[in-house]
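Chains as they are written, first to last, in this note's numbering: chain A, 1 to 339; chain B, 1 to 339; chain C, 1 to 339; chain D, 1 to 339.
Keep in mind the hints are simulated off the structure, nothing from the lab. Since we're looking at a predicted model, the values are computed, not measured. It is possible that some hints are incorrect.
One copy or two, it doesn't matter: identical chains are merged, so the pair holds either way.
Said to hold, decoys possible - Dumping the calculated DSBU-like pairs for lysine-lysine here, alpha-carbon to alpha-carbon at most 35 Å:
(1) Lys85 to Lys162
(2) Lys47 to Lys85
(3) Lys326 to Lys162
(4) Lys302 to Lys47
(5) Lys276 to Lys187
(6) Lys276 to Lys162
(7) Lys3 to Lys276
(8) Lys302 to Lys20
(9) Lys276 to Lys300
(10) Lys302 to Lys222
Given next are the chains, with one letter for each unit.
Protein chains: 4
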Amino acid sequence: MKKINFASDNYAGVHPEVMKAILTANDGPAVAYGGDDITAAAIQQFKCHLGNHAEAFFVFNGTGANVSALCAMTQSHESVICAEKAHIQVDECGAPEKIVGCKLLLVPATQGKITVEGVRTQLQRIGDQHYVQARVISISQSTEYGTVYTLDELRELSDFAKAHGLYLHMDGARLANAAASLTINLKTIVEAAGVDVLSFGGTKNGMMMGEAVVFLNPLLAKSFLYTRKQNMQLASKMRFISAQFQALFSNDLWLNNARHANTMAQHMAQGLRKIKSIQITQPVDANAIFAIMPTALIEKLKTRYHFHVWDERLSEVRLMTSFDTKVEEIADFVSHATQ
Amino acid sequence: MKKINFASDNYAGVHPEVMKAILTANDGPAVAYGGDDITAAAIQQFKCHLGNHAEAFFVFNGTGANVSALCAMTQSHESVICAEKAHIQVDECGAPEKIVGCKLLLVPATQGKITVEGVRTQLQRIGDQHYVQARVISISQSTEYGTVYTLDELRELSDFAKAHGLYLHMDGARLANAAASLTINLKTIVEAAGVDVLSFGGTKNGMMMGEAVVFLNPLLAKSFLYTRKQNMQLASKMRFISAQFQALFSNDLWLNNARHANTMAQHMAQGLRKIKSIQITQPVDANAIFAIMPTALIEKLKTRYHFHVWDERLSEVRLMTSFDTKVEEIADFVSHATQ
Amino acid sequence: MKKINFASDNYAGVHPEVMKAILTANDGPAVAYGGDDITAAAIQQFKCHLGNHAEAFFVFNGTGANVSALCAMTQSHESVICAEKAHIQVDECGAPEKIVGCKLLLVPATQGKITVEGVRTQLQRIGDQHYVQARVISISQSTEYGTVYTLDELRELSDFAKAHGLYLHMDGARLANAAASLTINLKTIVEAAGVDVLSFGGTKNGMMMGEAVVFLNPLLAKSFLYTRKQNMQLASKMRFISAQFQALFSNDLWLNNARHANTMAQHMAQGLRKIKSIQITQPVDANAIFAIMPTALIEKLKTRYHFHVWDERLSEVRLMTSFDTKVEEIADFVSHATQ
Amino acid sequence: MKKINFASDNYAGVHPEVMKAILTANDGPAVAYGGDDITAAAIQQFKCHLGNHAEAFFVFNGTGANVSALCAMTQSHESVICAEKAHIQVDECGAPEKIVGCKLLLVPATQGKITVEGVRTQLQRIGDQHYVQARVISISQSTEYGTVYTLDELRELSDFAKAHGLYLHMDGARLANAAASLTINLKTIVEAAGVDVLSFGGTKNGMMMGEAVVFLNPLLAKSFLYTRKQNMQLASKMRFISAQFQALFSNDLWLNNARHANTMAQHMAQGLRKIKSIQITQPVDANAIFAIMPTALIEKLKTRYHFHVWDERLSEVRLMTSFDTKVEEIADFVSHATQ
């Protein structure tokens with residue numbers, strides 16, 4: 001029997017509407033490297049959602065998006081302030097250090113969110129030639145813990161960034177889930193956060209592959225064409241990424257997919273909360289549930305489901321839902337987790 | 001009217017069989033990052049074609065394949081000897097320098113092919129701490145000029161490389177076209193050249209996106225998992241790349257696609273050779289034709305066809321065929337080029 | 001009036017014996033880039049002190065020594081585990097990230113010393129392609145806090161490193177002070193720690209400029225000639241660095257200088273301990289004193305002495321002694337500190 | 001017997017006046033990292049010689065100066081156009097590629113000098129994301145062949161650079177020799193060339209070690225303090241480099257040293273021109289003589305003199321003079337080269 005997936009939203013397949021768009025795009029030859037009409041249209045859709053000044057560049061994956069975004073914002077002697085467990089810190093195999101050459105400065109993050117107080121502790125030694133100079137605050141929305149920054153929390157960080165001459169990078173691999181959670185449109189979120197450069201995720205939300213680096217601060221985009229190419233992120237048959245974004249932005253598919261994943265997470269959380277031996281450890285804002293459960297139970301569930309043990313010492317697991325999670329799969333899991 | 005494509009084999013779409021494999025792969029969730037069955041099977045197919053010791057890693061694009069391959073072969077103080085117009089020199093926006101940190105040493109290449117005599121001129125100052133130390137010979141098969149190294153030419157380079165402790169990298173973005181041209185299987189070509197690491201192209205031969213870095217020298221693969229990730233080339237939903245390779249290696253699709261493209265190039269060449277004002281400048285071994293033609297003719301043809309002016313001063317153009325070039329398109333071009 | 005220096009041992013001048021050696025070395029032309037006799041002799045002296053297998057390479061400064069050493073030990077996807085406040089983390093302006101491309105993983109360090117327990121927490125996700133792979137433990141001896149690892153502490157770290165396949169790097173910018181403190185020779189310290197590569201400091205111990213990267217693990221030295229050059233650390237008139245090391249290793253100057261600095265620190269500590277408003281915060285093992293004192297007193301002393309405020313919030317200062325600190329200067333400081 | 005040096009001006013020792021300045025600078029403690037008075041004064045002297053807008057930063061060696069200068073002028077996707085045999089291309093062990101990450105584009109250089117015609121051939125594919133974008137022209141004055149650009153030649157390059165939005169870097173490791181040769185002051189040369197950033201050499205002209213990166217375009221200096229530190233070029237006891245520059249700029253020592261070296265080269269050339277079997281191959285503008293001579297003669301002379309065989313196939317040698325070359329040494333060489 002195939003295991004049921006609660007491991008990650010990137011275990012999911014491709015949404016049928018996205019696949020249909022790919023098939024439709026396969027309509028004979030087209031100009032390579034983004035010179036095609038589909039890419040032009042998809043770029044335009046980003047302007048619709050994020051403002052006319054938004055400039056979107058498509059790349060292959062999340063690492064490519066995050067690292068290339070940081071390349072556009074940071075020189076090697078500058079630093080990026082981020083959460084202790086930010087994806088760019090713990091899941092990119094050191095790509096920011098190798099490719100950007102910069103240092104990440106870490107801030108403890110309760111429930112995955114950093115605060116102005118935390119950032120302030122890393123804002124040190126300005127003008128001291130021996131020390132990396134703070135340049136970027138990078139946050140994930142939604143966070144690695146499935147939580148979502150409120151607009152007020154974003155505004156506070158944004159105000160601080162502006163006041164101290166820092167850029168703001170948003171790792172939006174799951175921005176759609178955050179928008180669905182906040183029931184607020186993308187533009188409002190991005191503006192509240194004063195985002196300079198956004199990594200916008202497609203893969204985890206129903207695409208086959210593809211992310212966008214979106215510049216809200218167009219000055220930073222000046223040489224990004226070259227950065228993308230040099231960072232090995234320029235797709236020759238780019239239309240097949242662009243078409244996926246087109247599908248995502250048609251009929252609110254991006255939102256519906258994210259909303260579904262979030263709803264499934266709520267169902268899961270409700271089910272698990274009724275089980276005494278299980279303790280949910282993070283607010284379930286988006287599409288992840290973190291829970292402590294008995295080791296024996298973990299062992300048992302592992303035979304039937306894909307999911308990650310997040311913290312072995314705590315016996316804490318992460319369960320993720322996605323656009324294709326089924327209600328019955330949630331019920332199945334909850335029922336197997338009961339006793 | 002949509003222009004007819006002779007610009008590049010990456011203007012082509014996706015072959016229907018490849019697309020079918022993608023659709024089939026979209027069968028619910030699967031383990032991410034290459035832990036899925038399709039990826040395992042595709043890796044196995046590379047072993048079938050290139051030998052059991054061959055270790056294939058899938059990446060997104062040609063730049064990613066070439067640069068990551070060089071990362072595995074070269075330290076920053078070492079050098080890569082390649083043709084003056086090698087793709088890694090003139091079409092990667094300096095990615096090898098930035099990402100590998102190494103220097104490329106250039107060798108003049110008649111008809112795109114380098115020779116032992118050329119390589120020897122760059123084999124200098126061994127042991128001199130002031131000078132980059134030669135480590136890799138990189139060749140393209142087929143070349144940027146649509147020519148194909150013969151087995152004897154490959155063996156000569158291989159012997160030289162072995163004799164001087166150099167690795168051999170083959171940029172095989174169009175290796176299929178070379179194999180079709182030589183009517184020799186992949187393994188024989190790769191062995192003749194004594195290839196240590198191969199960049200094997202999929203995109204230009206009917207795939208949507210995806211290339212493979214294949215290690216024939218397994219020692220060099222030791223830390224490549226990390227290199228691929230750090231180079232932003234690790235696809236989360238990797239099965240959708242792997243499935244394309246599976247399709248390519250089924251029913252000889254890789255060979256048939258390449259053979260078709262080559263045949264179309266032969267047709268084109270035959271047609272153009274009859275036109276007095278046009279002079280074909282390179283042997284047409286694979287799927288590219290280089291030709292000098294009157295500027296006015298170029299201007300006229302540009303309105304109806306996509307193609308690249310290769311050398312403005314010489315009034316030389318490059319015409320490329322691909323798996324989906326149609327006989328009628330060749331006829332159309334030749335007829336419009338005639339008067 | 002010139003302020004008295006307690007700011008750093010690199011505010012000190014050049015020891016007269018070192019200067020004499022420089023003058024003596026200025027004896028007409030000599031082969032450049034380390035091909036001279038003085039360099040050969042100085043390299044030999046390192047063998048005398050550290051064992052016949054020790055291979056020393058001279059570089060310009062501490063950043064150059066540390067970063068080049070790490071280049072020899074680490075690939076970009078690997079990590080260096082070090083103290084939270086290690087010099088390579090907080091005082092090299094991100095040079096390890098830019099030049100080596102690797103990530104530093106931080107360990108809390110009471111009194112500047114890391115422990116096996118701390119290192120163990122960073123030994124994570126071995127074999128996980130998404131995460132940097134631990135490769136090096138880097139310690140400073142003496143530490144940034146003027147403390148000195150005991151032989152037992154070193155052995156414990158060494159055993160752990162060997163057991164887990166990690167290299168050990170010692171930042172010995174002040175190794176002489178550690179040796180003087182422990183009254184143990186250099187070889188014993190380095191062997192206890194199982195050092196693979198040592199950054200051996202000259203500048204802070206009476207030289208004008210110059211440090212050595214010393215390989216106790218000769219395999220790691222294989223391409224270091226090129227690394228040094230590429231890292232811009234190859235002195236053309238190298239004999240003038242080598243001569244300084246010769247002087248340092250003659251008549252135990254290295255030890256006497258360090259011993260003097262340490263003794264002065266002891267005097268200072270004794271004096272300050274008698275002052276009620278001052279609290280010494282770290283063991284005074286080598287040539288630094290960390291002390292909390294009233295802000296007003298700091299302000300007053302700043303007008304007469306050079307020294308650094310280490311932690312503004314705590315009102316903690318760092319006082320450093322060096323080979324040329326005078327007993328009267330200590331007395332002067334203590335008397336002025338006694339309001 | 002010690003061989004006589006015609007190998008390089010960096011085989012020379014330290015000029016007595018420079019050594020005296022070092023001794024004088026050793027006057028007790030002083031603020032580290034360039035915060036001292038001597039450094040301030042030496043920076044001021046650069047303003048005297050090069051204009052009040054000139055901002056000088058001292059570094060350790062020529063590689064450090066050149067590479068750090070390029071770091072300030074170039075992003076990794078940009079290129080540096082230079083002579084085929086420029087020092088940055090053939091004698092820095094690939095440091096520009098590793099540290100700057102950029103590509104060097106080579107221009108043939110008769111007598112070591114590049115021309116506008118040459119540079120123009122490398123000014124390609126502006127705005128093409130696949131290709132490195134030209135950003136800097138780098139020239140050496142005097143050149144690797146001991147020749148010197150005239151003011152008119154410099155102006156032509158400068159005009160071209162300005163017209164095409166390129167920066168101009170001058171590798172002035174031997175700028176003093178060029179100035180002596182042209183009998184023109186430094187400012188006029190630098191202004192004729194429209195230099196944006198100058199690497200100014202001290203080591204080859206009588207210093208022990210030390211070069212300056214001088215910004216004539218102050219915008220480029222904005223973050224150079226950090227670049228210097230990150231590039232491992234920040235001397236802690238910087239005054240000992242600064243003092244050397246002070247000595248060099250006192251009593252025209254820089255000019256007298258260079259003039260002497262040039263004069264010695266003229267003597268040498270005059271002597272060698274009388275020998276039938278020897279053919280001088282380059283104009284002797286500065287302090288180098290390139291000459292073809294019989295292999296047997298080379299072998300003989302090698303036993304008595306240090307010098308480099310420049311081109312083995314041509315049997316061409318390079319002879320360099322320096323500030324400390326003696327008339328008798330020239331006579332000795334010429335006499336031994338005769339018959």
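Self-check item: Same-copy or cross-copy closeness of Lys302 to Lys20 [CA-CA at most 35 Å]
Solution: Classified as both; 34 Å inside a copy, 32 Å across copies.
Self-check item: Alpha-carbon proximity between Lys276 and Lys187, which holds within one copy, between copies, both or neither at 35 Å
Solution: Answer is neither: 41 Å inside a copy and 60 Å across each miss the 35 Å cutoff.
Exercise. Go through the copies and call it for Lys326 and Lys162: within, between, both or neither, with a Cα cutoff of 35 Å.
Key: neither (43 Å within a copy, 49 Å between copies)
Quiz item: Using 35 Å as the alpha-carbon threshold, which applies to Lys85 and Lys162: within, between, both, or neither?
Solution: both (24 Å within a copy, 28 Å between copies)
Self-check item: Same-copy or cross-copy closeness of Lys302 to Lys222 [CA-CA at most 35 Å]
Solution: between (48 Å within a copy, 30 Å between copies)
Quiz item: Checking Lys3 and Lys276: alpha-carbon separation at most 35 Å within a copy, between copies, both or neither?
Solution: within (25 Å within a copy, 67 Å between copies)
Quiz item: Checking Lys276 and Lys300: alpha-carbon separation at most 35 Å within a copy, between copies, both or neither?
Solution: Within. Shortest intra-copy distance 17 Å satisfies the 35 Å Cα cut-off; inter-copy 63 Å does not.
Practice problem: Please work out whether the CA atoms of Lys302 and Lys47 approach to 35 Å or closer within one copy, between two copies, in both situations, or in neither? | Solution: Between copies, since 32 Å is at most 35 Å while 43 Å is not.
Quiz item: When no copy is specified for Lys276 and Lys162, does a C-alpha distance of 35 Å or less occur within a copy, between copies, both, or neither?
Solution: Result: close neither inside a copy nor across copies, 46 Å intra and 44 Å inter.
Exercise. First find the shortest C-alpha distance between Lys47 and Lys85 inside one copy, then the shortest across copies, and answer within, between, both or neither for a cut-off of 35 Å.
Key: The answer is within: 31 Å in one copy meets 35 Å, while 39 Å across copies does not.
The earlier numbered hints that this structure contradicts are 3, 5, 6.
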